[in-house]
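**Student:** Sequence:
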Amino acid sequence: MRLHRLSITAFGPFGATQEVDFDALSSAGLFLLHGPTGAGKTSVLDAVCFALYGAVPGARQSPGASLRSDHAPVDLPTEVQLELTVGGRRLEVTRSPAQPRPKKRGDGFTMEKAQSRLRGYDPERGWHALSKSHQEIGEELTQLIGMSRDQFCQVVLLPQGDFARFLRSDAEARGKLLGRLFDTRRFAAVEERLAELRRGAEARVTAADERILALAQRIAQAAGPAGAEATPVAARPGEPGLAEAVLEWAAIARSTARERLDIAHRVVAWAEDRQREARHALDAVRELARLQQRYEETRLRSAALEERRPEHDRCQKELERARKADRVAPALELREEAERAYRAASDGLGRARALLSPELRDVGADRLAELERKFQQELYALDAAREAEERSARIEGERVRLNREAQADDELIREADVWLADWDSTRAALKGRIDASQEAATRAEQLAGLLAPARRRLDAAGRRDALATDVQQAEERLTGAREQELDARKSWLDLRERRLRGIAAELAAGLVAGEPCTVCGSADHPVPASPGDGHVDRATEERALAAQQSAEEARARAEQQLGLVRERHAAAETEARGDDASASSTVAELGELVDRLTGEHAEAHRLAAATNPAREALTAAEREHTERLEQRQQAHGRMSARTAAREALDAEQARLEEQIAAARGESPSVAAHAERLTRRVARLADAAEAVRTEQDAAQRRKQADDRLSDAAFRAGFDTPEAAAATLLDAAAQRDLQHRIDTWQAEAAAVADRRAERDAREAAEQPAAQPSAAQGEFETAEWLLREASSALAAADERCGELTRLSRQAADEVRRLGPVRQEYDRIARLAGLAAGTSADNERKMRLEAYVLAARLEQVAAAATARLQRMSSGRYTLVHSDARTGGRRAGLGLHVVDAWTGSERDTATLSGGETFFASLALALGLADVVTEEAGGVRLDTLFIDEGFGSLDDQTLDEVLDVLDSLRERDRSVGIVSHVADLRRRIPVRLEVVKERQGSSVRHRLA
52 MRLHRLSITA FGPFGATQEV DFDALSSAGL FLLHGPTGAG KTSVLDAVCF
102 ALYGAVPGAR QSPGASLRSD HAPVDLPTEV QLELTVGGRR LEVTRSPAQP
152 RPKKRGDGFT MEKAQSRLRG YDPERGWHAL SKSHQEIGEE LTQLIGMSRD
202 QFCQVVLLPQ GDFARFLRSD AEARGKLLGR LFDTRRFAAV EERLAELRRG
252 AEARVTAADE RILALAQRIA QAAGPAGAEA TPVAARPGEP GLAEAVLEWA
302 AIARSTARER LDIAHRVVAW AEDRQREARH ALDAVRELAR LQQRYEETRL
352 RSAALEERRP EHDRCQKELE RARKADRVAP ALELREEAER AYRAASDGLG
402 RARALLSPEL RDVGADRLAE LERKFQQELY ALDAAREAEE RSARIEGERV
452 RLNREAQADD ELIREADVWL ADWDSTRAAL KGRIDASQEA ATRAEQLAGL
502 LAPARRRLDA AGRRDALATD VQQAEERLTG AREQELDARK SWLDLRERRL
552 RGIAAELAAG LVAGEPCTVC GSADHPVPAS PGDGHVDRAT EERALAAQQS
602 AEEARARAEQ QLGLVRERHA AAETEARGDD ASASSTVAEL GELVDRLTGE
652 HAEAHRLAAA TNPAREALTA AEREHTERLE QRQQAHGRMS ARTAAREALD
702 AEQARLEEQI AAARGESPSV AAHAERLTRR VARLADAAEA VRTEQDAAQR
752 RKQADDRLSD AAFRAGFDTP EAAAATLLDA AAQRDLQHRI DTWQAEAAAV
802 ADRRAERDAR EAAEQPAAQP SAAQGEFETA EWLLREASSA LAAADERCGE
852 LTRLSRQAAD EVRRLGPVRQ EYDRIARLAG LAAGTSADNE RKMRLEAYVL
902 AARLEQVAAA ATARLQRMSS GRYTLVHSDA RTGGRRAGLG LHVVDAWTGS
952 ERDTATLSGG ETFFASLALA LGLADVVTEE AGGVRLDTLF IDEGFGSLDD
1002 QTLDEVLDVL DSLRERDRSV GIVSHVADLR RRIPVRLEVV KERQGSSVRH
1052 RLA
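Residues in the sequence shown are numbered consecutively from 52, following this note's numbering.
Careful, some of the hints might be misleading.
[What the hints assert, rightly or not] Straight-line alpha carbon distances no greater than 30 angstroms define the calculated DSSO-like cross-link-like pairs of lysine-lysine that follow: (1) K375 <-> K753; (2) K183 <-> K155; (3) K541 <-> K1042; (4) K164 <-> K183; (5) K183 <-> K154; (6) K154 <-> K164; (7) K541 <-> K154.
[Claimed, not checked] Restraint-style ranges between C-beta atoms, simulated for each label pair: (8) E421 <-> A773: 46 to 56 angstroms; (9) H1051 <-> T949: 45 to 55 angstroms; (10) R250 <-> D121: 47 to 57 angstroms.
By construction, these hints were calculated from the structure, which means they are not laboratory data.
Idealized CB from N, CA, C, for every residue including glycine.
All chains, full assembly: derive it from the sequences and hints.
**Tutor:** So this is what it looks like as structure tokens:
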């Protein structure tokens, strides 16, 4: 990779565009980049790194830091352009960071995004664009260069301070730097992956052991007292031997449980025999007590039976007389029924005669029947007259109906005439409503198109007025921020000038007797400068710089905020103007416009909503017009038909009146005359029937008296009244029979029980004691239950222990492959992590790889270190352990003069410089080879030459001059004055108040 040209615009300390011609500087092979402190030497290297990777070196890429120059005009954008050859291709990369720029319209600033452009050169086509994508350009350049940004900054921009610290640092710090350069993350990932696999396998082993321990706890719970005799498991989850201990302990628990089960079987057999004997004894005692009690009950029942014998005899006699009286009962009931029928017939006859006229009250049944037949015949003759009278009444109703219909038709004709007279005007009015509604609908659509923009203008005017206040406040804040920034910048520049005037005293404060000066390199300090009055130290300047940067950030934020507010205000103003761009309306004017348009739109919408109702009203009116014409025509036709119907009814009415007058006689109507005859016929019929019923009832009563007297005599009673007094109902007879049967059943039962022999023999024995036998039996029962419960528990315990032991054995079998896998992974993880006994030097895998890289770097650095030290020093890699730390990344220097090997931290200042320079060059060679052998034709070495004496400086420059072989150029970044004499080709960075600039000094 070779750099050709670098263009820097408004970047870092450079306020204007600066051009760096690397082709001219590289012509001599070795050039010097020098300038006063703070001028911007390192910024040139930052620009190269920014052009290639879009970012400056990590140490200077602080959060919130801006790459834009404070000296640059506001209209000059920050830009870095680098022309280089890499991978056989000539490219031009241009990058601009994110930066504020003035708005094209209005005041203020807007943030512009970062931009990247890549062009390629073709001898035939010239320069042509390749890409404008940040990602594509970054991937293309990284692939061509073959190094990351960190590797590039270490290999191409050799920072000597970093390698001096590398020589003095411990293994951990060296590992971080080497790991970043050689990207050994994959080996660290292998370590982490093995550790993760080990943790996973360990977790699976621990989980399996915990399951086995859980089964052991369940076995202990199931074993109960049997488990206490075995030694408990003391191993923890994950420890070897846990599974075997659990299986051994479970076997002991099972054996003890089986022994207890055999003992429980024998105890149950003994308890069953005892319970059986107690049951037989209890049954015998209970039987004796039962027989003795039965004999005593029989004796008591016999005595009570003799006491109830008189009552038994009385009930038996009373039942016999009642059963005789039952034979007279049917005759008695027949006599009572005949008496009731006679009294009812007599009462009915009296009521029927009371309704007759006095001359007919004593007439017999035959005369009454004759009169009934006479009046019935007269009633039959009135049927035709009744029908005529009913027809006459219906005719009158038909006349009323015809009159009512005539009135209704007259009214209908009058209403139709009135309505039809106004039909033309009604139709015209309805059509006018339809036309007006349609016009209103069109107007509503027009107003709706005007109302929405008016409302948006009103809202925008409200935002515009509110944002006007925000704009004024933002302008005031920006003015204050600019004033604060100017004050802070002025204060910082004053303090910086004062510090630079006294910088000699500040450098003199760091001088140590016998140690070389960092500026001139001399170990003698005859007259060190002393601080004067008002000396400004570095901390004071840094505080002022921080205050200036904070004020600058506040000013940028204020400008950005003002720009945003102005944009929103302008947008609101444009929207409030609407189509009328010549005038700006107020909120009140726009509000009145919106209110007026809203009212007009609502009214037009209301009128437009009446279109459908108006059309429906017109349709209904036309339908009603047709119906009224038809109704009027039908009414005239019905009037002609009613006239003919009235004439026919009048003729029929006259004929019926003559027939009715002849039939009704003296009654007001035929129906009244027929009703009077009907009542008379009914009374005569009722009276004749009542006479006949009374005569039949008297005859039946006499016959019942004769039968009753005969039945009482045959039953053995002197009179019917005596039989009636002895008569009992069925319930009373059942009660007497029940008493008799109960006494007889009790007598038979007592006789049977007195004949029992075993009861008599039991009564002769001593009284039985069932409570004692019951107590003995209950004791035997309790012992049997306890023994059975113990047997069931022992049997269940054996079954549960067998089942749990089988589960534990299964878990142990499943654990075998898991533990083997864990042992294998743990061994590999321990070996990679350096904690295994097999890893003698306790080196991690990543450290082992880095140690190999460090050994290569030390070998490459030794080739140059021997030239710089005149063959005295050699760098060697050491994997020895120091103290309690792990081995692998030690770096020693071998002194050929003394033959001793010592740590690089013991080198002096000058020795440390050329050792670190040799190490940096060696590291560059190794990293270049690691990156695919990309040739690096341009290198930069930053600072450190002030610590060398003249002879050593010559030797170092000879080594650097050897780097020019094969057309390679080396740039030295230093402010040491002696180098300007030794190196004729120089790039000087000049610090000025308006911003730094570069000057080429070519031989």
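**Student:** Determine for every hint whether it applies to the structure shown.
**Tutor:** Cross-check of the supplied hints:
1. Note on K375 and K753: the hinted pairing holds, with a Cα-Cα distance of about 25 angstroms set against a maximum of 30 angstroms.
2. For a cut-off of 30 angstroms, the pair hint linking K183 to K155 stands: about 23 angstroms separates their Cα positions.
3. With a C-alpha separation of about 17 angstroms, the suggested pair K541 and K1042 falls inside the 30 angstroms cut-off, and the hint holds.
4. A distance of roughly 13 angstroms separates the Cα atoms of K164 and K183; the hinted pair therefore holds under the 30 angstroms criterion.
5. Among the hinted pairs, K183 with K154 is consistent with the structure: their alpha-carbon atoms are about 23 angstroms apart, no more than 30 angstroms.
6. Straight-line distance between C-alpha atoms of K154 and K164 comes to about 14 angstroms, which keeps the hinted pair within the 30 angstroms bound.
7. The straight-line distance between the Cα atoms of K541 and K154 is roughly 27 angstroms, inside the 30 angstroms bound, and the hint therefore holds.
8. The supplied range of 46 to 56 angstroms is met by E421 and A773, whose beta-carbon atoms lie about 51 angstroms from each other.
9. For H1051 and T949, the hinted distance range of 45 to 55 angstroms is satisfied, since their beta carbons lie about 47 angstroms from each other.
10. Separation of R250 from D121 is about 53 angstroms and conforms to the stated range, judged on CB atoms against 47 to 57 angstroms.
When each numbered hint is compared with the structure, no violation occurs for any of them.
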